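Colleague: In order, the protein sequences belong to chains A and B.
Residues 312 to 628, numbered by the numbering used here, are exactly what the first sequence covers, in order.
Residues 0 to 424, numbered by the numbering used here, are exactly what the second sequence covers, in order.
FYI, nobody ran anything at the bench for these hints, they're computed from the structure.
What you are looking at is a predicted structure, and each value in this text was computed from that prediction instead of being measured.
Beta carbons are placed, not taken as given, at the ideal position from N, Cα and C, and that holds for glycine.
Possibly wrong hints are sitting among the right ones.
Distance windows between CB atoms, simulated [unchecked claim]:
| # | chain 1 | residue 1 | chain 2 | residue 2 | range |
| --- | --- | --- | --- | --- | --- |
| 1 | A | Leu553 | B | Pro325 | 45 to 55 Å |
| 2 | B | Ala111 | A | Met350 | 25 to 35 Å |
| 3 | A | Phe381 | B | Thr360 | 50 to 60 Å |
| 4 | A | Ser408 | B | Thr79 | 40 to 50 Å |
| 5 | A | Lys333 | B | Ser75 | 48 to 58 Å |
| 6 | A | Leu358 | B | Glu324 | 15 to 25 Å |
| 7 | A | Gly349 | B | Thr79 | 38 to 48 Å |
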Amino acid sequence: MSAIRFRVLPRAFPQSLNESQKRSREKWLTIAFLVAPGMAIFLIFLLLPIFQSGYYSLFKWNGFGFPKDFRGIDNYLDLAKDKVFLGSIAHSFTIMSLSLLVQLPLALALALLVGRGSLPGRQIFRAILFVPYIFSEVITALIWLYVLHPNSGLMNKTLGVFVQDFKPITWLGDRNIALIAIFMVLTWKFFGFHMILYMAGLQSIPKDLEEAGRIDGCNEMQVLRFITLPLMGSTIRLTIFLSVLGSFQQFTLVWIMTQGGPVDSTATIATFLFKYGIQRFALGFGSAVAVILFLLTLVFSIGYQRMVMRQDYELRV
Amino acid sequence: MSNVKRLVYVLIAVALLALPIAATVRAQDKVVVTWWHISTNEPEKNFWQTVTDEYMAANPNVQVEITVLENEAFKSRLVTVMQAGDPPDLFQSWGGGVLWQYAEAGLVRNIAPELEGEWKDSFSAKAALELYGRNGEYYGVPWTWGAVGVFYNKALFAKAGIENTPTTWAEFLDVVKKLKEAGITPISLGEKDKWPGHFWWVYLAIRLGGEQAFLDAYNRTGKFDAEPFVKAGEYLKELADLQPFAEGFLGLAYGDQAAAMGNGTAAMELMGQWAPAVQKGNSTSGEGIGEDLGWFPFPVVEGGAGNPNDVLGGGDGFSVGMNAEPEAIAFLKYLTSADIQRRAAEIWVLPTVAAAEDALTDPVLQTIIKARNEAPYFQLYYDQFLPPAMGQVVNDGVEKLFAGIITPADLAAEIEASAEKELVK
Chain A
312 MSAIRFRVLP
322 RAFPQSLNES
332 QKRSREKWLT
342 IAFLVAPGMA
352 IFLIFLLLPI
362 FQSGYYSLFK
372 WNGFGFPKDF
382 RGIDNYLDLA
392 KDKVFLGSIA
402 HSFTIMSLSL
412 LVQLPLALAL
422 ALLVGRGSLP
432 GRQIFRAILF
442 VPYIFSEVIT
452 ALIWLYVLHP
462 NSGLMNKTLG
472 VFVQDFKPIT
482 WLGDRNIALI
492 AIFMVLTWKF
502 FGFHMILYMA
512 GLQSIPKDLE
522 EAGRIDGCNE
532 MQVLRFITLP
542 LMGSTIRLTI
552 FLSVLGSFQQ
562 FTLVWIMTQG
572 GPVDSTATIA
582 TFLFKYGIQR
592 FALGFGSAVA
602 VILFLLTLVF
612 SIGYQRMVMR
622 QDYELRV
Chain B
0 MSNVKRLVYV
10 LIAVALLALP
20 IAATVRAQDK
30 VVVTWWHIST
40 NEPEKNFWQT
50 VTDEYMAANP
60 NVQVEITVLE
70 NEAFKSRLVT
80 VMQAGDPPDL
90 FQSWGGGVLW
100 QYAEAGLVRN
110 IAPELEGEWK
120 DSFSAKAALE
130 LYGRNGEYYG
140 VPWTWGAVGV
150 FYNKALFAKA
160 GIENTPTTWA
170 EFLDVVKKLK
180 EAGITPISLG
190 EKDKWPGHFW
200 WVYLAIRLGG
210 EQAFLDAYNR
220 TGKFDAEPFV
230 KAGEYLKELA
240 DLQPFAEGFL
250 GLAYGDQAAA
260 MGNGTAAMEL
270 MGQWAPAVQK
280 GNSTSGEGIG
290 EDLGWFPFPV
300 VEGGAGNPND
310 VLGGGDGFSV
320 GMNAEPEAIA
330 FLKYLTSADI
340 QRRAAEIWVL
350 PTVAAAEDAL
360 TDPVLQTIIK
370 ARNEAPYFQL
380 YYDQFLPPAM
390 GQVVNDGVEK
400 LFAGIITPAD
410 LAAEIEASAE
420 KELVK
């Protein structure tokens with residue numbers, strides 16, 4: 312036995328320094344060879360465009376040919392004064408805060424209801440609740456355009472049946488309501504996604520822990536508060552992360568439903584970029600918006616991962 | 000035996016390999032013409048397909064590939080392919096500032112050599128043709144051209160006890176009030192798309208300032224915050240204050256606007272020559288309001304400097320992308336030939352070619368083509384004539400005026416500020 316093991320070992324440990332160098336060089340060559348295609352795609356299609364945007368944002372440029380009209384940081388100064396842009400940032404933050412305050416708790420509550428336990432027919436509920444997330448954003452937006460139509464929409468018709476003297480609400484035509492209406496649709500669309508994540512989190516909690524709590528005299532609220540929720544911490548932190556990023560980048564749904572209107576009252580950073588950068592043939596200006604959006608999400612991602620999600624990575628290692 | 004088998008396999012393999020190559024060679028025999036149009040309505044879409052099929056049958060060496068896009072989707076997608084330097088061979092174009100911007104970047108092809116002579120002389124809408132070119136170059140041709148005016152529902156007018164169509168702004172406001180009193184939505188407007196609303200402000204500016212005020216401001220000898228432009232906003236505010244539009248009009252799209260007209264739930268809309276077709280297409284019955292539809296020119300503003308016959312309008316044309324082969328231009332010539340124009344006129348087109356004008360039978364459209372041909376000054380839509388950024392400022396600004404969050408003076412000032420940026424020569 313020992314003789315055999317002795318023969319195997321030297322193969323794993325190089326006998327001379329020379330061989331070790333050679334091996335390590337070979338190893339790195341192999342790694343470089345395997346990584347190169349992926350790295351090339353990453354550099355060309357991800358990193359390069361980011362730097363290009365930074366470069367273009369210093370020009371007044373309509374997108375045709377090469378940028379020539381250098382303007383320094385003028386685009387950024389214009390943005391700082393642009394009420395619509397500041398408004399769009401505010402809207403993005405509003406959507407983000409509402410998501411965290413309404414959408415995630417809703418998803419969590421539903422996950423607790425249908426994710427486990429003895430609710431009859433919970434599989435069916437689970438499937439139904441998850442359906443909105445399966446639709447593409449475009450389909451969702453089109454469906455809700457019909458639902459929220461002021462005269463013939465399902466929403467106003469239904470409310471009209473239940474509320475006496477109901478005056479039709481112009482969901483997407485009123486500057487004070489449109490953003491709420493959009494948020495409502497966003498919630499409808501995305502809570503199912505978070506719900507599924509929470510359900511996965513719930514399933515990974517050992518039953519006996521909660522059982523032990525009950526035996527020790529916890530009531531159900533205490534089990535939830537001190538055992539279930541803390542154990543779902545990593546999932547909750549992840550959904551917050553995804554929700555915040557999603558809110559900042561929201562474009563499709565808003566664009567189809569309102570194009571950021573009426574009068575920019577539902578503009579997000581992304582729709583602002585498209586409308587004022589691309590549609591108006593001002594790609595330098597648009598690039599400046601893109602750079603700001605990029606920095607916002609980058610700072611958040613890195614900061615959040617470093618400070619909040621770090622514990623999750625360490626736990627898993 | 001096994002050798003023979005092997006040979007067969009090899010032959011099959013070679014044949015399979017050669018197949019795609021053969022297919023490519025065959026495709027290369029044909030000249031492919033890519034064509035983007037925005038006629039999404041069924042009869043119009045079918046018409047383009049039919050005449051294209053006929054053309055391909057007669058010219059087997061040409062393969063025309065049609066892409067049908069919805070208006071807004073088309074605009075976004077065209078900008079993208081333009082920035083990539085890869086425009087389609089033929090594409091929808093309204094002429095004016097947007098097209099000129101493409102021309103400056105060398106993204107469209109000059110067809111002046113082909114156009115000169117018989118083809119050019121066949122056009123009756125000369126003013127329109129000029130919008131597709133500049134400095135002796137041409138990048139496209141118009142195939143339908145008309146005027147913006149007020150479409151109205153005769154039955155609803157009668158119901159509100161209105162006997163004559165208004166000719167002055169004061170009379171027009173009276174009509175709006177009467178319709179409102181009768182419980183009818185006076186005006187249909189889908190302001191989400193913004194361009195339907197900008198007609199109102201621009202038409203008032205034309206009536207108030209006329210050709211001179213606009214050209215002065217455009218050539219930077221005058222300004223867009225001059226009196227006629229401020230007053231245009233004031234008159235429009237007067238109208239908006241009467242709340243003549245359907246609830247939630249800021250969130251409705253042009254499709255909703257046309258549907259309200261086609262279903263007879265609103266009495267008027269300010270729109271271009273395509274309106275009757277779109278009303279039909281968007282109505283529940285698919286028929287629109289038929290005989291009840293009437294048309295009158297935009298009312299005159301008392302004391303305004305504009306000629307009462309001045310027209311705001313535009314139409315559709317097809318422009319030629321920079322990579323277009325001569326076959327694409329030949330096909331375009333076919334599309335604007337008298338024969339095709341006559342057949343199109345029976346469906347929805349207001350012919351731009353003189354020899355086809357008599358094919359128009361609809362009385363409303365005959366009125367519009369007359370207004371177009373007789374206009375002493377023809378103003379193309381601002382959002383097409385002006386540089387894109389400035390056109391959008393006008394559209395957005397007018398929306399704000401409708402929403403009541405900007406004063407007429409501030410609106411004019413915003414447009415002037417944009418003009419200073421965009422019109423610097």
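Colleague: Each hint: holds or not?
Modeller: To see whether the hints hold, each was checked on the structure:
1. A:Leu553 - B:Pro325: 45 to 55 Å: Holds, since leucine 553 (chain A) and proline 325 (chain B) (Cβ atoms, about 54 Å apart) stay within the stated range.
2. B:Ala111 - A:Met350: 25 to 35 Å: Violated, at about 50 Å.
3. A:Phe381 - B:Thr360: 50 to 60 Å: This hint holds: roughly 58 Å between Cβ atoms.
4. A:Ser408 - B:Thr79: 40 to 50 Å: violated (33 Å)
5. A:Lys333 - B:Ser75: 48 to 58 Å: holds (56 Å)
6. A:Leu358 - B:Glu324: 15 to 25 Å: For leucine 358 (chain A) and glutamate 324 (chain B) the Cβ distance comes to about 38 Å; the hint is violated.
7. A:Gly349 - B:Thr79: 38 to 48 Å: violated (27 Å)
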